[in-house]
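Chains as they are written, first to last, in the numbering used here: chain R, 1 to 332; chain V, 333 to 869; chain C, 870 to 1177.
Read the hints as simulated data drawn from the structure, not as lab findings.
Remember, predicted model here, so these are calculated numbers, not experimental data.
There could be a bad hint or two in this list.
If you only want the chain R side, here are some residues facing chain V, beta carbon under 10 Å, derived [stated by the list, open to error]:
{"id": "1", "residue": "Y84"}
{"id": "2", "residue": "L87"}
{"id": "3", "residue": "S90"}
{"id": "4", "residue": "L91"}
{"id": "5", "residue": "S95"}
{"id": "6", "residue": "H98"}
{"id": "7", "residue": "R104"}
{"id": "8", "residue": "V152"}
{"id": "9", "residue": "L179"}
{"id": "10", "residue": "P181"}
{"id": "11", "residue": "S266"}
{"id": "12", "residue": "G269"}
{"id": "13", "residue": "S275"}
{"id": "14", "residue": "A285"}
Cβ atoms here follow ideal geometry from the backbone N, Cα and C, with glycine treated the same way.
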Amino acid sequence: MPEFPADVPRAALPGQERFVAPLDQTPLAETGSFDDSRPPENQWKEAWKRLRRNWIFWVSVALLAVVAVVVLLPQWFTDLDPTYAQLSRSLEGPSEGHPAGFDRQGYDVFARTIYGARASVLVGVLCTIVVTVPGVVLGAMAGFYGGWLDAVISRVADVFFAIPLLLGALVGLAIINNLWPDRGYWGSILTVVFALAAFGWPQVLRIARGAVLEVKNLEFVDAARAIGKTRRANLWGHVVPNSLAPVIVLATVSLGVYIVAEATLSFLGLGLPPSIVSWGNDISAAQNQVRSGQRLGVMFWPASALALTSLGFILLGDAVSDALDPKSRNRE
Amino acid sequence: MRTRRTALAGIAIAAAASLMLGACSSGGDDDGGSDSTDAVITAYGTEPQNPLITTNTNEVGGGNIIDLIYAGLVSYKADGSQELEVAESIESEDNKVWTIKLKDWQFTDGTPVTAQSFVDAWNYGAAEENAQLQSYFYYPIEGTDDEGVILDKGTEMSGLKVIDEKTFEVTLKNPEALFPLRLGYSAYFPLPEVAFEDMEAFGKAPIGNGPYKLEKWENNVEAVMVPNPDYKGNRPAKNGGVTFKFYTNPDSAYSDVQAGNLDILDQAPPSALATFKDDDSVQAFESPGTVNGTITIPESLKHFSGEEGKLRRQAISRAIDREEITEKIFEGTRSPSTDFSSPLMPEYREDIPGSEVLEFDADEAKRLWAEADEIQPFTGKFVVAYNGDGPGNKEWVEALTNQLKNNLGIQAEPKAYATFAELRTKVTDRTIGTAFRTGWQPDYPSVYNYLGPIFGTGAGSNDGDYSNKEFDKLLQQALSAEGDEQADLLAKAQEILFEDLPAIPLWNTNVAAVAAKGVENVEFNWQNKPEYQNITK
Amino acid sequence: MAWYIGRRILQAIPVLLGSTLLIYAMVFAMPGDPIVALFGEKPVSEAVRSQIEQQYNLDKPFFVQWLLFLGNAAQGDLGMSFSGRPVSELLAETIPVTFKLALMALVIEAVLGIIAGFYAGLKRGGIFDSTMLVTSLLVIAVPIFVFGFVMQLTFGVKLGWAPVTVGGDASWDRLIIPAFVLGLVSFAYVLRLTRTSVVENLTADHVRTARAKGLTDGQVNRRHVLRNSLIPVVTYLGADLGTLMAGAIVTEGIFNIPGLGNLAFRAIQQKEGPTIVSVVTVMVLIYVVMSLIVDLLYAWLDPRIRYA
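Sequences and hints are given; from them, build the entire structure.
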C-alpha cells in the first residue's frame, strides 16, 4: 500500500496548470479510504492473522505440543528405564505394565518410544532448520538477483549436491567419529545434524530459487517496485513470503525423512551411539522382525510415533503456506 | 493357517518357475528328475574382490571359485581329514624337510602339473613386488619373513627345491608335523606356466586343475563353472556344473531360494534366522560350525593386566549368558563355545579343565569382580568395539554389554566403527583402547590353527599382545607331536588360556543354510561350506 | 540461448573440480587403512604394504593424489580399483543399469505424484486428499527396506508376477518393481509439492481470467493450474535423478541389482579413492545437465521467466 507523506501541500503547486481538488474534498477519498496513521501493511503480520483463524493450525499445534511434552518430560509417561534390557523377555508381547511388549534386546518398547522422541525430534527439527535457513536465503538471492551471483551460488550448491547425501554423511561422520570419539549427548546429535545438513541444503536452495524465479515476475512485485520499494525490501517483504510454500512442503516432509536417515546412519554404526535412544535406531533394529513376521509391534510403536510427529509438522506446514498466500482468503 | 501357507507357497513356486524359464540364462531348469546328474547347480556367491589368482584370493567370493577350479597337493574330506590329491606322497624324516612327489595330472589347457608349477606359484605369491594378499601362508617355509614374504627382494624362497619334474622338496624354518595339513589351502595350489606370462589377464580367466573349469565370469553377475572331464581326484563333479550367482545382500538370495531361482544359500541372512527352519518353501540345514566368535581384551587395557586382569576377565566370561544370546539374538544358529576352537576339530576335547569359566554364573561373576576391586577399584566403563558393516554385530554386542551391565553392575557399552577397515586399523596399530570383537575361521582343520597364530607370543594375529612362555612351549611341542599326544598338548595349552583368558570365547557359528526344494545331497564340510561338487537336483 | 547453454556447460568445470577435491579430501581424512582391510585378519608385511601404497599412489599427499587422478582422467584413465579392474569398466557396467532404474523411478514418482497431488489439491480436504496424506506419512515412517521386502515377497515369491531379483538381466520390465520401491520416498515429496502448488494456483488471477473467458473446468485445471504448479515439482525432480542414482543402495541390495549405489558404497567402505571420485564425477555431470534442463523448462512452464 502506498504511503502519503503528511506534509504534501493541498493547494495548487507552482507549475501546476490547473487546480487539483484537495483529496478530502473529492469522493475519491471514500473509495480509496485508508487510515494513513496506520503502520504500513506487513505480509508476515497479515499471515499470522490468517493463521490464527485456521483450525488446521490449531490441530497441528495441539499435536506438536504433545510431542514437545514427551520430548521435554519423558519421565511423566513411563517409570521404566529405556536402556534396561532383559534379554530373557526378548520379543515378549504386551503384558501388565508393558503395554507395547519387548523388543529383541529385551528393552521395553513403550519406554523406548517415549524416550526416543527427544533425540529423534531434535535431529529432525535441527536438520530441517539448518538445511532450510541457508537454503532459502541463498536460493532467494540467487533467483532474485540472477547473473553472476546466481551462477556462483548455484554452482557452489552443485558441488555439495553432487555428493550423495547418505554417502557424504557417512564419510563425514566417520571422520568426526575418529577425531572426536566421545562427544556426549549434544555432541552426537549435532554432528549427525551437520553431517546430514551439509549435503542437504542445496536441495532447498534449488527449490527456493525456482519459486523466487517464478514469483519475482508477478504483478504485485512490479507494483511494489513502482511505489519505490528497494529491491532488498521487495525480496524479503514480498517475493520470499510468496515463494515459501514449496520450501515449507519440502521442509516438513524432510523432517521425517531426516529422522529415518539418522536410523540408516546408526545402522551402519555411524549415527547416534546405542546409548542414545532414538526412533530411528529402533525402527532399523526392528527390520528383521518384520521380515520374519515376529512381533510387528516392535516396529509399529516407534514408526507410529514418527508418523504422528511428521503429521504434526506437515499440517503446520500446510497451515503456514496457506496463511502466507494472500489469495487464500478467497478460499475460505 | 499352516496348511494354507504351504499351498500358497507351492503355487507360487510353480508359477515362478514357469515364468523364469525363458528369462534365466543360467539354466536353473527344474526338469523334475532326481537322478539327473547334468543339472547345473546355482549357488549364492559374492563378486570376487580380487583377480582369481590362487595367491591373491583371500576372501570368500573368490575363494569358493578357486577351491572348485583348482586341486592342491592334498584335499580335505567333509570332516576335515585329508587325502592325497595331486601329491603321490608327502614325506619327511624330521618334520622339517618334506619331500613331495606328484601324480601325473594336467591343467585344463593340457599342460602337465609339475613340481615347477607348485614352486613357481608359491614363489610368485611370496614375492614382495607381487604384493599378494596370501603371502602370509608361506611363513613356515625357509627363506621368508614372519609375514611370509621372501627375504631378499628379487630372489626365490630358499626352502623350495625342485628335484625333478614330479618331485620337489620343502624346507621349513621349524619342524612341523602338521605341515601337510596346510597344503590343501588355496595359497598352496599350483599355477600353469601360462599364468606367469600375464598374471593380470590370467586372473580374469584362470586355468586350473580342479573338478571344474571356469567357463565364464560375468562381473557382478555370475561365475559359470562346468565339470572338468580330465579331473581324476577325490572330488569329482556329480552335477552338470556350478554357477555362483553374485549378490550384495543375502536377503535377496534368500528370496530367490524361496522362489526356486537359486539352489543353495550357504548362510541364511539374519532376518531369516528365526524362520528358516520352519519355512515350507525351502529346505533348511543346520549343523555345528567351525567359525568362532570371541572378544579380545588387550593386555594393555587398564584394569586388565596381572592378577586383577585375570579376575576381571574371568568375571566377564562368567557374566555372559551365552545360551541366552545364542537363543534370543541368533535364534539358536550359534552354539555356545566350549573351548577356544570348535568341536569339529580332530583334536577337540570336551571338558578341558578350566573350561567351566565359559559357563554363566552371575554370582560367581560378581564375586570375582569384587575380588578384583579389592586389588584396585574399577573405574570408567567397559567398552566392546565392533564394525558396523558386519551384519548382526550390533545386536550381539549390545546384548552382551547389557548382560555385563545387569550382571556385574558396571557401565558397559558397545562402540561401533563404521567399517572393518577402521576397526582393524585401530586393532593393528594398537590404538583401540577398548575390548573388541574378533573371530577366527580356521585355515586348516586343527586346534593348533586356533591357538598358534592368535595367542603365540608375537604371532601375526595376536591382536591382544598375549604372551605366556609356558603356553608357547606347549604349542612348540604340539607342533612336532602326533596323534593323541598332540591333542593332549593342545588341551594343556588351552588350560592356560582358560586361566588367562586373553580373549573370551563366545560361540561357534553353526551352518544355517537353505536350499531350494528338490535339491539333493547337500552336505557341509569343516569350513561350513557346502560340498558343491556333490549337490544334485 | 545457445550462449546461455554454453556458459552453463562451462560452469560445470569448476563444479567438477570442487566436488572431486571435496570428496577426495574427505575420503583421505576418513579413518581406516584400506590395506589392512584387504588382508582381513591376517598380518600385513611392511614391504607388501609399501608396494601396494605405491601402486595406488596412497603414499602421496591427497592433493597430489587428486591432481594425478585429474591428469589421468583427462586422458581417459580413471585408475584401478583394489580388485584390479579399471574403474572405467566398473562405471560402464553399473551406470546403464542404475540410470535405467533411476529414470524409471523418476517417471513413476513424477506421474503418480503429479496426478495424485493434482487431484488432492483440487479437492482439498476431501477423502482422496486425506488418503494421500496418510500414504505419504506411511512412506516416510516405514523404512524402504520393509516396502521392498513386502513387494518382493508379494509379487516375486508369492504371486510370481515379477522376478524376485534382477541380477544380470536388467531389462526394463524386470526393473519396474525396484523402480517403484526406489521412487516411493520421492513420491511423497512430489505429491505434497504438487498439491500445495495446485491449491495456491487455483485462485491465481490468470486462472480466474481463464475461467472468466469461458474455458471449462477441466481445460482450466489442466492448462493453467497444473502447468503453473509444476515449477517446484520440476525443480525437485530435476535434482532427484542424481539422488536416486547414488541413493539406490538399499533398493539395489533388496533386488540384487549390480548398480552404481552399491559400487559407491563399497568403494567408500574400502576407501577406494579412484572409484569414489569417478562416481562423484558422474554425479556432477548429471546434476549439471539436469539443472540446466530444469532452468530451460522454467521458461516453458512460465513464459515470464527469462534466461539471465
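Hints, verified against the model:
The beta carbon of Y84 of chain R is positioned within 10 Å of a beta carbon in chain V (closest approach about 8 Å), and the interface hint is therefore held. The beta carbon of L87 of chain R comes within 5 Å of a beta carbon in chain V, closer than 10 Å, and the hint placing it at the interface holds. Checking S90 of chain R against chain V by beta carbon gives a least distance of about 4 Å; that is within 10 Å, so the hint holds. Nearest Cβ of chain V to the Cβ of L91 of chain R: about 8 Å, under the 10 Å cut. The hint holds.
Among the interface hints, the one on S95 of chain R is violated; its C-beta lies about 17 Å from the nearest C-beta in chain V, farther than the 10 Å criterion. A distance limit of 10 Å between C-beta atoms decides the matter here; for H98 of chain R the minimum to chain V is near 17 Å, and the interface restraint is violated. Interface hint status for R104 of chain R: upheld, as the beta-carbon distance to the closest one in chain V is roughly 7 Å, under 10 Å. The criterion of a C-beta within 10 Å of any C-beta in chain V is not met by V152 of chain R, whose closest approach is roughly 34 Å, and the hint is violated.
For L179 of chain R, the interface hint is violated, since its Cβ never comes within 10 Å of a Cβ in chain V; the closest pair sits about 13 Å apart. This hint holds: P181 of chain R has a C-beta 8 Å from the nearest C-beta of chain V, less than the 10 Å allowed. Taking 10 Å as the C-beta cut-off, the interface hint given for S266 of chain R holds, the closest approach to chain V being about 8 Å. Taking 10 Å as the C-beta contact cut-off toward chain V, the hint placing G269 of chain R at the interface holds, the least distance being around 2 Å.
The interface hint given for S275 of chain R is met, as the beta carbon of that residue sits about 5 Å from the closest beta carbon of chain V, less than 10 Å. Satisfaction of the interface hint for A285 of chain R is found here, the shortest Cβ-Cβ separation to chain V being roughly 7 Å, below the 10 Å cut-off.
Violated hints for the displayed structure, listed by number in ascending order: 5, 6, 8 and 9.
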